[in-house]
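Could you put the whole structure together from the sequences, leaning on the hints where they help?
Residue numbers (this note's numbering), protein chains in the order written: chain A, 1 to 254; chain B, 1001 to 1130.
Some hints could be false.
If we take Cβ atoms under 10 Å as the criterion, some of the chain A residues that face chain B in the derived model are [as the list claims (entries may be wrong)]: (1) Leu8; (2) Asn10; (3) Pro32; (4) Gly77; (5) Leu92; (6) Asp117; (7) Asn165.
If you're looking for bench data, these hints aren't it; they were derived computationally from the structure. Don't be surprised by glycine CBs; every beta carbon is placed ideally from N, CA and C.
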Amino acid sequence: MNKKFNKLYNILCVIFALIFIAAMIITVSALPNIGDATNPTNNEVSEKYLTDSSWETGSLNAVSGMILDYRAFDTLGESHVLFVATVAVFILLRRDEDSRKDLPTRCLNQSYEQAYDPILAKSLEFLIPAIFVFGIYVIANGHLSPGGGFSGGAIIGAAFILYLNAYGLESIERFCNSRTYLICSCCALLFYGLAKSYVFYVGANHLHSIIPVLADGSILASGLILPLNIAVGVVVSNTVYALYIMFRRGGFSR
Amino acid sequence: MNYLLNNLPEYSAVICFAIGFSILLLNRNMIKKILGLGIMDSSIYLFLAVKGYVAGTVAPIVTLAEQAAGVDTTLYTNPIPAGLVLTGIVVSVSVTAILLALTVKLHEEFGTLNIDEIIHMVREEDRRKE
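Here is the structure:
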């Protein structure tokens, strides 16, 4: 009976998926053609961003200027979503000595620690500094070239994960433990929140900050965008590393 | 036929969405369900990203000379979908992380990832309590 029901369920699922595809393809074929400059999505809003963001915000990259200046609240929310997700995972997966005792034995027999690999360790001596420098470059040039806090932060987080796998937890926790995680994330989020919430007090359309906008294509050209990019990069790299370490062995060791 | 081929990336986004959705429905394994959710997310990004594309244009990074002389907007793609996709990626990463953490907890509790077996075990437990 149950097997028959499963078979029927599977067939119904496939039929449903096919009907869904057909209905959506009919809908999508009524949409305007891709790549047409006269499409309704390419309206005066994107025109405004493209023409004005380069001198109003000093950011040559229109996407950076958009997400960190005109729509900076959106990015503030994104950073907080990342932080809250990390905290939720931390609540679910944290293991201290007490909770370790209560766990079934099959969960304790897994070996989390990787054996020391001389090839990985030696090659990462050259690679890790290069990856860090590249990540910092991507963050710092977020307003001049493709990149920004999110991509650069992900690169730096990946470098942390590589370091952890090559040299072990003991060695990375000298400079990257739960305390530095908390201090860096909270400082970055607080700075971002304060830097942008002044808009509430001085009127909604206030684009200017204390830091001058030079708009000359240099690294300091875009005023507040560079510090905000760094804050986002710190939050993202912390999140990537913290999520990894939580799933690996249930939290920081100190 | 030409009419059908014009919106090809959007068709593939729709089909990817349906594939992800059927994975969500057909698989009993929680990890595979989460993977299906990831495929659905990615198809939405494809759909959004393709909405901002304008044929024959480049990424919206202006040059210094243009900044001084005034930007020619017909040379660049639409920057707004890029920002929207960024928001979507961040949210999907967070949701995936929380779902995976909950799955780890489920596995610790029941020793299996099969959702049918888990439901069965929960029902047995309830019956025993009664």
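The hints, checked one at a time:
1. Leu8: Hint on Leu8/A: violated, closest Cβ of chain B at ~13 Å, above 10 Å.
2. Asn10: Constraint on Asn10/A satisfied, holds at 6 Å.
3. Pro32: Holds. Min distance 9 Å.
4. Gly77: holds, 8 Å
5. Leu92: Result: holds, 4 Å to nearest chain B Cβ.
6. Asp117: Since the shortest Cβ distance to chain B is 26 Å, the answer is violated.
7. Asn165: Violated: closest Cβ of chain B sits about 19 Å from Asn165/A, beyond 10 Å.
The structure shown violates the earlier hints numbered 1, 6, 7.
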